[in-house]
Structures are given as structure tokens and as C-alpha cells.
Amino acid sequence: MSTPVLAQPASDAPVVARPTVGQRLTSFMPVIALVVLLAALTVVDPGFFTLSSLTAAVRTAAPLVVLAAGATVVVLCGGIDLSIAALCSLATVFFALWLPDLGGLTTLAIVAVAGAIGALQGVAHVLLRIPSFIVTLGGMSIFSAIALVISDAGPIPVSDRGTTHWLTLYVAGVLPMAFVVALVVVAVVSLVLRLTPVGSWVRAIGYSESAARLAGSPVDLVKVGAFTLSGACAGLAAVMLVSRNFSGSPTMADNLLLPAVAAIVVGGTAITGGHGSLWRSLAGALVVTLLRVGLPIVGVPSAYEQILYGAIIVAAVALTLDRSKVLIIK
Amino acid sequence: MTSPAEADTEVVQARRPQPRRGVSLRDAGPPIALVVVFGVFAALSPGFRTLSNVQNVLDAAAVLAVVTIGISFVLMMGSIDLSAPGIMGASAITVALLVANNRNDNDLGFVGIAVAVLLAAGLGCLSGLALVLLKVPSFMATLGVSAVGLGLATLLFAGVQPNIADPMLEGWAVERFLGLAHLTWIALGCVLLGWLVQRYSRLGRYAFAIGGAEEVLALSGVRVAPYKVAVFTLAGAFYGLAGVMVTSQLSAGLVQAGRGYDFSAITAAVVGGTLLTGGRGGILHSTVGVLLVTVLTNGLVQVGVSPYWQGGVQGLIVVAAVAAAVIPQRRRNQVTK
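If you're matching them up, the sequences are chains R and U in order. Numbering of the first sequence is given in the working numbering, commencing with residue 1 and proceeding in unit increments. Numbering of the second sequence is given in the working numbering, commencing with residue 1 and proceeding in unit increments.
Looking at chain U on its own, in the form it has when it is part of the complex (with noise of 0.2 angstroms):
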């Protein structure tokens, strides 16, 4: 009697560490990376281990943050979203118009902001439906709704650039609080509500579940469809703020404002470790992976690498990252897509 329970209790505590470690060795890549790479380009270039440097790399990561952060909780699902771009020339266009502006008499402040983000979080839902109601792929989807999106924002452009003269939104990108601009304390918000709806919210953790395994989900009895349509929801109203966030920096409303953020969030993601499989990775990584680019743009620009390089080297990073993360399970994972 005692010998098997004491067999028992032993292999609940062998098999209970395994995985945790595992986890966290594959885990520890990226923040590894992202140190070795600072480490890499401190020692090489002395512009780049300033202050004002890391200022810089943390103010330019903001924007591409907060997108990031919304299209992870898209890959968490095992989806993927290419609707940043045209959510973002919507909404830029859309709060450069409710703010006040040169346009029109508008001064509507933090309400036209609001109303920005409402907005793409209904283009947002609008790619969450057409997957769950039409089952239309999500790559599919959100390309139709980039482009319904840019068609929005070409439609309020009418041919006039919005400048905008509200002294809030252009304080946001130039005013600073503890030596970084306020946009960047607003992706760092972003982030830690993002990791909060992640980790403790119902939504984060369908999220993870459907992207770990949606038969099983749905098998146990929960409705995966609204939690679909709500994290593509969630995911279009982040877009929407960093086309607000990019109206700050620019000083006026453009349409191809969110121009390239698509592939961008999504090599951050997937360098971070949120890979396009689903069930992996999280916030915490993808906001790894955004500082990696980041400080990899920054550094190589600091070191006198051509900026003309700077895709380039992304597309690597992403390429290596991927074949380092499937390396494990090289064998049993013989059907790539």
C-alpha cells in the first residue's frame, strides 16, 4: 500500500517541473537575444550606449508596441491579421478630423480619440465576423477589411491633408514625463493591459485555448465564436490607437499611416516567440520582440549599416527565429504549411 502511493506522489512531483522548464528555456531565447544583441551593438558604437539613445529606441518602439500587442492576441488565437494598415489610415484620418484641426471646426479632443478607436474596433469586428459568420479566413478577412479601411480613410482624406492643431494629441509625441514622451508611456500602459486581459481575463485565456486547441474548446462546451469576434475586436481597437499615436508624431492625419505595420507586428510577434501556430508566446514576448527589432534598426543605423539593409535584416531575424523555434520538433512536425 505504501510503496505505490509513495510511486505516486513521486511521479506527480517528477512530471510537474518538466514542463515549466521546458517553457522557460524556450522562453529565455528572445530576452537573451535582445541582451546580447544591446550588448553586441554598446560595445561597437559608443552614440548607441548613450541615455538619450535607449530614450530614442524605447520612443520609436512605442507605436510598433502597441500594434504589436493587438496582433498577438489575433496569433495567440492561431489567426493571423493583416488589417493594421488600413485600421490605422482610418483612424488617424478619423481623429485628425474630431480634434481640432484645419479642416473643418471641430474640437472635440479626447472624444474625437475615442471615437477613433471605436471605430477601428468595429473594423476590428467586422473581420472577427466575416470569420466566424461567413468562415472566411482570417488572411483573407482582414485584407478585405484593410482595404474597406483604407477606402474609409481615402474617403475622409478627400484630398486635404488634416493637420492637426490640438495641443494634447501633438503634446503627446513631444512632451516627456522621466525622459520619455508621453506615446511611449501610453504603449507601456498598452502593454501591461494588454498582459493583464492575457493572464487574468477570460478573453486572454480563450485566446490561448482556441489557439491551443479549438476542437477541445469547443468540444467543452464553450461558444469560441464570440471570444473570436472579441479579440478581433480587441486587436482592431489597439490598431486604432496607434493610428492615433502616429497622427501625434506626424502632426497630421495620413492615409498610409500604418503603412508596412502589418509585417512589422508580425515579424515583432513571432521573433518574440508568439508564434503563428497559435497557443504560444503572449505579450510579455511579443513586447521582447518589438525591442529586439527596435534596438536591431537603431544599432545597425548607429554602426553605419545603410538604412536601405534594415528590412532585410529583419526578414532574417524573423526567418532564423522560426527555424530555431521549430528545431525541437523538427521529427514530429512534418506538415508545414
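The following block holds chain R by itself, in its conformation from the complex (with noise of 0.2 angstroms):
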């Protein structure tokens, strides 16, 4: 302030700082809905703060980690995967279908054939040049008739339950199996952003992409390689619903889009692209979990639940959106 000639720095001071605040809040803001949200549950029933009623919610939040997880990095490039569920289910299908021939391989199996068909649908996306809403909007209705027509619209029960038996263990006999491997793949998928160039690809895709591919980022390839992830995601994801059913169904997963796209969004990573991580994933996924399991237990109706459910939803996004990157909402 004493002195006016650097009035460069002066005036740049304040415009960092003041975001920084709101910014740190914000970015707890997920942590923060969690905590809020488990005090509120306790406070309102004491029973639900206990070992089980915990291991049993993280438990049933396992397969909508995986799921956001993988679809967290599609969006922060910027672009939506909306046929994760459709695709989950598809994998339940062949995982029915599969695991009399093909054994302990068929979890293998599935997570690499969903993963082909995440990419290809990137392939699509990159290639023929059509918006990711629609190649998945696409993709969520071709996998559903798939899966109809192979399974003949009924679910297929497993009966070999040894596969999948490892992922119904506990860990240290309260961490449920599922959830360790949700949190392996959020944070492997972490680890791969932030030590190679890989995540800050991401990131520059989902801010600007015209300005990534003028920066020599290659940005077809990273796509459809987050298609990919996706893809694989939803595989896994199917596996632990197969695990917790034992069967596979052409409409098992079909209910948890719209929580994963929730879980994406709750956890603060803008919808826009570009600004987010899995963690905010992870903790939105437990929020929106929470909120499922939550609410019944200590009565709220489920009417009540829907409209809470949306209203929450809406203001997440309205505090958790950075606005300063995007000039128009649409």
C-alpha cells in the first residue's frame, strides 16, 4: 500500500486471497455435509452412530464409489458418462452368464469387457465427434436391450458364490472387503493423476480444451481413456453387486445414475470440468448413501426424502460451482 508503483501485485493480492477463504470452505464442504450429516443421524437416533449400522452403510456405498469414481474423471474432462449404470447392469448379466465356464477369471473378464466398451464409446465420442451426452445416452439404452435380450428380460441367479465370496470378507472383521477395494481404486486413480502428466491432462481438458490440444496435450487419448476407466468402473461395480445379490439382473443397477452423477456433484467437482478429485467423489458417495440409508432409519418419509434429496443436490451444486470459470450456465 506504501508503495503505488507495484500496483500489480497490490491488486492481485486481494483477488487470490479473498477466493482462497471461500474456496478451503468449499472444498471441505464435502467432509463437512458428511460429518453434518452422520452428527444430524446420531443426534435424532443414538442407535445409528454404532459399529454395524456404520459398516453396514459403508457396505451398501461400495459399488456407487466404484461407480462415481470412474465417472468423476470423465467429467473432470468435461464430458458425462451417463451409461454407467446401464452398463453395471449389462456386467451383472455376463457375469452370470460367464462364471460357469470361465470360473475365478470371470471378475477379470468382466472388468476388461466393460472397459473395452467404455472405450469404445470414447472412440465414438472422439472419432465421429458427438457430444458425450449423447454417445452415452445412446450407450445407456444399446446396453440396456443387450442385457434384456441375453438375459431374457429375468435375473439369472449364481450359484457359485466361491468367486465372489472374498468380497463379502471383512477386513480386520469391520471394514467390509468392498469398500477397501472401492477406496483401493479412488485412490490408485488418485495416484496416477497426480504422479504423472496424466492428471494434469485432465484437468487442462476440463478447463479448456481448445487451449489443452494447442498445448500439445493429448487430449483424444486421455479421453477415451477416462471413457475407459468409466467402463472398467462399472464392471467392478457389478462384481460387488453380484457379490451382495447373487444373481445378475438386466435392471440391478439401473437406480444408481443418478446417485453416482448426485455423488459426483455433491462432492463439489463442477460439473463443467476440469475442477474436482475422487475424494470429493468418495465423500459425496457417502453423503448420498448416508442420506438413503440415513433417513428412513430415523423416520423421515420417503416423499420427504426424494424432495430433500433433490433440494440437496441443487445447493451443492450452487456451492460448490466455480462460477469465475464459467461465463454462461446453461
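Hint data in this document are derived by calculation from the structure and do not stem from the laboratory. Glycine residues also receive a C-beta, built at the ideal position from the N, C-alpha and C atoms. Do not take every clue at face value.
What the hints assert, rightly or not - Simulated coverage check for chain U against chain R, where a stretch passes if three residues somewhere in it have a Cβ under 8 angstroms from a Cβ of chain R:
hint : region
1    : 264-278
2    : 308-315
What the hints assert, rightly or not - Label pairs and their in silico Cβ distance ranges:
hint : chain 1 : residue 1 : chain 2 : residue 2 : range
3    : U       : Asp-105   : R       : Leu-97    : 49 to 55 angstroms
4    : U       : Ala-218   : R       : Val-36    : 36 to 42 angstroms
5    : R       : Gly-162   : U       : Ala-320   : 40 to 46 angstroms
6    : U       : Arg-259   : R       : Leu-221   : 36 to 42 angstroms
7    : U       : Val-174   : R       : Leu-97    : 40 to 46 angstroms
8    : U       : Ala-320   : R       : Tyr-170   : 46 to 52 angstroms
9    : R       : Thr-42    : U       : Gly-109   : 23 to 29 angstroms
10   : R       : Thr-168   : U       : Val-35    : 52 to 58 angstroms
11   : U       : Asp-107   : R       : Val-149   : 43 to 49 angstroms
With the hints as a guide, dock the two chains, each given alone in a separate frame, to form the complex.
Encoded structure:
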């Protein structure tokens, strides 16, 4: 202030400082929301905050965490993947059909095939220049149709439970293995994004695709990779669902699409791309699951649960969206 | 003096037809596809080419057409609307509880329908307000409103299904005029209304302009926000009417009345040429898209394809339609989200 010559840094400082306070708060918002939600549920029903119900909650959350984690990378690239739930349902059907032939290899095969299907969507998106919304919307219908046809529109029981038994185990007696696997997926993908250039590429594509392209980032490759990861995660989530339900069904995961998108957004990942992380989606998925599991427990009728759910999604986006990056909100 | 003037007039004359020709060529795609698909099915299946089946196709298209008209206005702005299932569910239950039914003593008739449509318009307005005031992208705002609508519907449903006993509303689905159900005439009326709004009202014109270039519109002094809210409100009203129509078809109010209509309507609109980028297409385009989707659904069943494939075929078509629409601008259009 005493040196008017340095007008630039002086004017810069407040501009940078003000958002960081707000951003610090908003960046912890998913965790704050999680803690507040847990506290509120415990106050209303002290019986909720017990080891067994928390274990049950994270066990329910595992497939949602995996689905949301995969789709988060696509959202970070500025796209959207609407096909995850349908692909996951299709993968449960594949799992039930292939298990008798492939045995222990089924899990790997499912993840690989789901990843390949995701890659196919990515290639269509990149090569044909179709918006990801349309590609994955089409994919959603196509996967549902295939699942209905090959399963004859009914659930297929899985009699051999040995293959998925490991997912139903508990680490140290309390932590469900499925949730540990979900944590590992989030951790590995986050590490890869942080330690390799891929993370900066993804962020650059999300903030400004044309700038990333001009800067020489392998935009198309990264996008295909994001869709591949999203598909593979849908496959892994399918294995988790089968391990819990002992069957494959063409509509098993269909009602997970909107919760998965909600988990990403509630976590604070900008739906416009660039800003966000997988850890946020993990917190978001836990918030969404707690809402779904917790509200009926404390006696909120399901109708109000829906209304609350809708309001929370909108409020979460309103709080977390970084508007300085988006001039026109469509 | 004379030669530059001549050159000027020549330039003006030469310029004008060019964009028109381009537009007409691009716009001709979906109608041509409709005629071709219709011809193929008519040649393949004797059951398809009967008059009664054509009536069936038109009757089956009615609800989807009304939803698609609503969503077309939103898509023209370049926004997206996923609130149809929630809003339709809320209006379906509301109308079922307000006309003569087995749950209460209400017998409001036409007023009940109007209230349901108004409620739906209010929910649509909510999406618009969230978009404009809270700056929440329409994708999430409408997703939230859809959940709110479903919640409202579940609240009103209260565990007992309201079956309607109103003769007028029940008659809409059954009684026929000139071979078509009353619902189909209502849908046709909506198409006409939507087209008039799009073509001749400021709201429709601005919706188009917002999709084409919102910044330019805002810079030329137009207050964009009220029009955005109005477009979402209008779309909500159309979903509400569609919910009433579903109630008439089922003779009962169901929470799931609008299930799947959000993505079907987007598919129909996009297939017809109302692209998600905004500023393209329109009501008539979307109507052609609705007919195309319905003819395909009906034709595939008539030819003997398993109904399970229907969704898959729709998915393929929407991807193919967009891919074909984008080909002319492939080089130019480097950014695809």
C-alpha cells in the first residue's frame, strides 16, 4: 500500500486471497456435510452411530463409490457418462452367464470387457465428434437392450458363490472388503492422476479443451482413457453387486445412475469439468448413501427424502460451482 | 459508378439463397428418413401398412410429442431438462386427486386439470429460477427438481393409488374423433401452439437466440434471465399436460407416470434435428423426430423384432443422427464435450 508503484501485486493479492478462504471452505464442504449428516442422524437416533450400522452403510456405498469414481474422471474432462449404470447392469448379466465357463477369471474378464465397451464409447465420442452426453445416452439404451435380450428380461441366479466370496469378507473384522476395494480404486486412480502428467492433461481438457489441444496434450487419448476407466469401474461395481445379490439382472444397477452423478456433484466436482477430485466423489457417495440409508432410519418418510435429496443436489452445486471459470451457465 | 452498384446487388442476391439452401438441405434429413423408414416397414409388414396401424402410431406418439415440445424449447436455448419424470409424476397424481376419484370427494373436472398443469409450470419455474438465480447448470437443477417432483408425487400418493372416475378425462383416451383419440388431437393442438409460440412470440424467438448466441443477445440489451425462467416454466406446463394425458390413458395416477420420458424426449428431439448445442431445430423438427421414433418402435414390433431391442435401436439412431449432423462441421468443431 505504501508503494503505489507496485500496483500489480497489490491489486492481485486480494483477488487471490478472497476466493481461497471461500474455496477452502467449499473444498471441505463434502466432508463437513458428511460429518454434519452423521451428527444429525446420531442426535435424532443415538442407535445409528454404532459399528454395525456404519459397517452396513459403507458396505452399501461400495458399488456407488466405484461407479462415481470412474465417472468422475470423465466429468473432470468436461464430459458426462450416462451409461455407467446400464453398463453395470449389463456386466452383472455377463457375470452370471460367464461364471460357469470362466470360473475364477470371470471378475477380470468382466472388468476388461466393461473397460473395452467404455473405450468404444470414448472412440465414438472422439472420432465421430458426438457430444459425450449423446454417445453415453445412446450407450445407455443399447446396453439396456442387450442386457434384456441376453438375460431374457429376468434375473439369472449365481449358484457358485466362491468366486465373489472374497468381496463379502471383512478386513480386521469391521471394514467390508468391497469398501476396501473401492478405497483402493480411488487411491490408485488419484495417485496416477497426481504423479503422472495425466492429471494435468485431464484438468487442462476440462478447463479449456482447445487450449489443451493447442498446448499439445494428447486430448483424444486421454478422453478415450477416461471412458475406458469409467467402463472398467462399472464392471467392478457389477462384480460387487453380484457378490451381494447372488444374481445378475438387466436392471440391477439402473437406479444407481442419478445417485452416482449426484455423488460426483455433491462432492464438489464441477459438472463443467476441470475442478474436482476422486476423493471428493468418495465423500459425495458417502453423503448420498447416508441420505438414502439414514433418513428412513431416523423416520423421515420416503417422500420427504426425495424432496430433500433434490434440494441437496441443487444446493451442493450452487455452493461448489466455480463460477469464475464459466461465463454462461446453460 | 454503375459497375460497383451492380456488383453490390449481385453480391446481395448471390448471398441470400446460400444459407437458405444449406438450412433446407439439413432440415430435409429427418423427414426423408421418416418417409424411408415408413416405406421400408410398409413393404416388409402387411400389418404395418393398415390404416388402423397408422392411427395406432399417431395415438402412441401423443404423450411423447407433448413432452418433446416442452423439452424442445429448453434444448433450443442450449440448456437441458431432465425434470420430465418428476414433473409428470407430480401432475399425474395431482390431477387424479382433483378430478372424480376413489380417494376423496373432489370433482373439479377441468379446473383440476388446470391446477395440475399450473403446479407443473411452477415446478418448471423452479428449475429456471435455480438456473438463473443460483447459477446451477440446468442439468443438475432439473435433476434436483425431478427428485422434488417425485417426492411431491409420493407424498400425495400416500400409499393408495388414486383411480379416476371422471368421464371427461377417461374419455380423452378412449373416445375418437375422425379416427384419432382425443389425446392425439390434444397433442396436435400442442404442436400447433408450440410452433406458433416458437415462430411468432418474443419468447420463442429469444429462446432461439439464447441458444445461438447468448452473449450477443445479452450485450444487445436483452434481459435474458426472465426469458430463461419463462422457457422452463413453459416446458414444465407441457410436462404437466403430458402427465395428465398419462393419467387419462391409465385411468389412475401413478408416481412413475413420466418414467423414461426424459431421455426418450431428448432422443426424439435430437433425432428430429433439435440439437443439444442450441439454436437449431424447432417444434416441427422435434415432431418429426417423435414420429420417427414412434414409427420405428411400432414397425420393429410389427416386423417381429423383440420389444427388448427397441431401446437399443433408439440409442443407435440418436448416435447416428447426431454423427450425421456433425459431419459437415467436423473440421471446424474441435471441442466436443
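### Hint check, failures only
Structure breaks hint 9 only.
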